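The listed protein sequences derive, respectively, from chains A and B.
Just so you know, the first sequence maps onto residues 1124 to 1229 in my numbering.
Just so you know, the second sequence maps onto residues 374 to 580 in my numbering.
These are calculated hints, taken from the structure and not from any lab test.
Just so we're clear, the structure is a prediction, and the values are computed from it rather than from any experiment.
Think of the CB as a built atom: it goes at the ideal place given N, C-alpha and C, for glycine as much as any other residue.
One or more hints might be untrue.
[Stated by the list, open to error] Per the computed footprint, the stretches of chain A lying under chain B, defined by three or more beta-carbons under 8 angstroms from a beta-carbon of chain B, are:
1) 1138–1145
2) 1153–1167
3) 1172–1186
4) 1211–1218
[Said to hold, decoys possible] Listed next, the in silico SDA-like pairs over lysine to any residue satisfying Cα-Cα at most 25 angstroms (straight line):
5) B/Lys425 / A/Pro1136
6) B/Lys425 / B/Trp501
7) B/Lys425 / B/Gly574
8) B/Lys407 / A/Asp1175
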Amino acid sequence: MTDPHEVTRFDEPWHAQVFALTVALSDAGRFTWPDWTRAFGATLARHGLSRDLNGGEDYYAAWLETLEGLLAGLNLAAPDQVAALRDAWEAAYLATPHGHPVRLAD
Amino acid sequence: MPHDHHDHDHDAHSLLPSDSALRVKALETLLTRKGLVDPAAMDAILDVYENKVGPQNGARVVARAWAEPAFLAALRADTTATLEREGLLGRQGEHVVVVENTAEVHNVVVCTLCSCYPWPLLGIPPTWYKSDAYRARVVREPRRVLAEFGLVLPDGQAVRVWDSTAEIRYLVIPMRPEGSAGLGVEDLTRWVTRNSMIGTGLAERPA
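All chains should be modelled from the sequences, with the hints used to inform the complete structure.
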């Protein structure tokens, strides 16, 4: 039986993660959803000036950039702390043998 | 120790995620450590959006609107309250408005600002819905955009484009196709395609 309802899935795990993180923060009252859509719309508009956005990878890149900016502006996640953790995760991946769970060094 | 397998470095360590993926992990780690977000809440959200919601929810609403006059009347009178009773409202407190296609008017939904979409009814928006090509052009030249979806409307049928916002989402009720007479809600649900509820398609006989 064919499914008449084309179901869209997240293309990449991080698309799903950044989506869930944003919804969870909004649910927790860190920002309202209209605040989110305004900020996100502004990022999309800015990106769309230089090229046509395809709605796939560039859409989630804009999403992530918006969330980073919003959290920095709310003093919830300082860019230098985020950058340090990003590098720590990279180091952890590079140091973990293939097939083993990757964990951050404490 | 040297070895003769030059690709070996590639799989010696775990596959390195993309820069974006690492930045998301960094945010998640920081916010979790600060107690600003609960990983269990994130998992629950993902479970809902990946496994529980999707176009089948909206299709059921449309099928019931076709088959049950009392349900259609309730939807028209207060869509948001009716969907809330069915457990089909989003967590963002948005209002849902149903727009009914007729022989005179065909409705199409877009979000020109970003990608506001009735997630609980339709699931994750398709890529084209989020593209500049669709968001900008469907307002300017809806008939041409619809034709690119294979939907050519009769000249006498007007096209009305609805621009979603964070507060208001739209669900198109497509016209009930000929040939679906006498079917019950379960069968009718299969006639309602995702695109027919956005307005870029029509309800059609299931393949």
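Hint check results:
Requiring three or more residues with a Cβ within less than 8 angstroms of a Cβ of chain B, the coverage given for the region 1138–1145 of chain A holds, as 6 such residues are present. Using a Cβ-Cβ cut-off of 8 angstroms, 9 residues of the region 1153–1167 of chain A lie near chain B, which meets the minimum of three, so the contact claim holds. Coverage of the region 1172–1186 of chain A by chain B holds in this model, with 8 residues showing a Cβ closer than 8 angstroms to a Cβ of that chain against a need of three. Counting residues of the region 1211–1218 of chain A whose CB falls under 8 angstroms from any CB of chain B gives 6; the rule of at least 3 is met.
With a CA separation close to 17 angstroms, the supplied pair B/Lys425 and A/Pro1136 stays within the 25 angstroms bound. At most 25 angstroms may separate the alpha-carbon atoms for a hinted pair to count; B/Lys425 and B/Trp501 meet this at roughly 22 angstroms. For the proposed pair B/Lys425 and B/Gly574, the alpha carbon gap of about 24 angstroms is at most 25 angstroms, so the pair holds. A C-alpha spacing of about 37 angstroms is found between B/Lys407 and A/Asp1175, which places the hinted pair above 25 angstroms, so the restraint is violated.
Hint check: a violation occurs at hint 8 only; the rest are consistent with the structure.
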